[in-house]
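Participant: One-letter residues, chain by chain:
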Amino acid sequence: DTAVSQTPKYLVTQMGNDKSIKCEQNLGHDTMYWYKQDSKKFLKIMFSYNNKELIINETVPNRFSPKSPDKAHLNLHINSLELGDSAVYFCAASETGTLTGYTFGSGTRLTVV
Amino acid sequence: DQQVKQNSPSLSVQEGRISILNCDYTNSMFDYFLWYKKYPAEGPTFLISISSIKDKNEDGRFTVFLNKSAKHLSLHIVPSQPGDSAVYFCAASSMTTDSWGKLQFGAGTQVVVTP
Numbered sequence: 001d002t003a004v005s006q007t008p009k010y011l012v013t014q015m016g017n018d019k020s021i022k023c024e025q026n027l028g029h030d031t032m033y034w035y036k037q038d039s040k041k042f043l044k045i046m047f048s049y050n051n052k053e054l055i056i057n058e059t060v061p062n063r064f065s066p067k068s069p070d071k072a073h074l075n076l077h078i079n080s081l082e083l084g085d086s087a088v089y090f091c092a093a094s095e096t097g098t099l100t101g102y103t104f105g106s107g108t109r110l111t112v113v
Numbered sequence: 001d002q003q004v005k006q007n008s009p010s011l012s013v014q015e016g017r018i019s020i021l022n023c024d025y026t027n028s029m030f031d032y033f034l035w036y037k038k039y040p041a042e043g044p045t046f047l048i049s050i051s052s053i054k055d056k057n058e059d060g061r062f063t064v065f066l067n068k069s070a071k072h073l074s075l076h077i078v079p080s081q082p083g084d085s086a087v088y089f090c091a092a093s094s095m096t097t098d099s100w101g102k103l104q105f106g107a108g109t110q111v112v113v114t115p
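So the sequence lines, in the order shown, correspond to chains A and B.
Here our numbering is used: the first residue of the first sequence is 1, the next is one more, and so on.
Here our numbering is used: the first residue of the second sequence is 1, the next is one more, and so on.
Don't take every hint at face value.
As a list, the in silico DSSO-like pairs of lysine-lysine whose alpha-carbon atoms are at most 30 Å apart [as the list claims (entries may be wrong)]:
#, chain 1, residue 1, chain 2, residue 2
1, B, 68, A, 9
2, B, 5, B, 56
3, A, 9, A, 52
4, A, 36, B, 5
5, B, 56, A, 9
6, B, 68, A, 52
7, B, 68, B, 102
8, B, 54, A, 9
9, B, 68, A, 41
10, A, 19, B, 71
11, A, 22, B, 102
12, A, 22, A, 67
13, A, 19, B, 54
14, A, 9, A, 19
15, A, 22, A, 71
16, B, 54, A, 71
17, B, 71, A, 36
18, A, 44, A, 19
Far from chain B by the CB rule (all over 12 Å, computed), these chain A residues [what the hints assert, rightly or not]:
#, residue
19, 13
20, 22
21, 40
22, 43
23, 45
24, 48
25, 56
26, 68
27, 70
28, 71
29, 73
30, 80
31, 106
32, 107
No wet-lab data here; the hints were simulated from the structure.
Note that the Cβ used here is the ideal one computed from N, Cα and C, for glycine as well.
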């Protein structure tokens with residue numbers, strides 16, 4: 001039973017489309033994150049939610065909107081996709097106040113054509 | 001501006017020998033450091049961590065050393081095993097309230113352990 005699961009695993013879409021990536025965790029953790037791994041392989045934080053409340057919002061285009069319907073889910077919606085959005089997106093979850101309990105999902109490879 | 005740097009993109013080591021991975025950081029506010037291991041098509045998994053009040057932390061075959069004055073940390077794997085072949089990411093965080101939970105990652109080092 002996967003602790004942090006993301007869907008879809010692969011997503012190929014055309015420029016200008018709107019797409020969503022879903023993330024669910026069954027660890028009971030309070031905090032969830034979205035990270036982006038770009039072509040240079042750096043993992044960069046995008047958003048963090050704690051108990052459905054946005055607590056970290058890095059400088060990302062406002063075309064990216066996270067949504068947390070409950071503390072077990074954190075979805076990422078992207079409007080008007082651009083070529084530069086192509087990357088691997090990782091969801092993660094952790095207990096509040098701990099970094100060692102950070103658990104990542106297996107990633108969603110988004111390709112914008 | 002990349003605050004965590006792993007300058008060696010790859011490392012090849014023989015099975016049984018020591019693997020030494022290096023990481024440098026620029027932000028003096030970082031006070032907690034972690035190493036993650038990543039296999040292809042999987043997410044990173046936590047390996048070992050160290051807080052800035054220590055200079056060494058050991059867990060089985062894995063030891064992390066921290067040199068705060070040099071803003072440098074290293075991960076030693078001894079002995080290296082074929083299953084250690086993976087990408088290793090160094091990450092850093094600050095325990096200040098507004099930065100808590102925000103990990104800054106390096107670009108990773110691909111380790112290949114040869115028989």
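Participant: List, from low to high, the hint numbers that the structure doesn't satisfy.
Facilitator: 1, 5, 6, 8, 10, 13, 16, 21, 22, 23, 24, 25, 31 and 32
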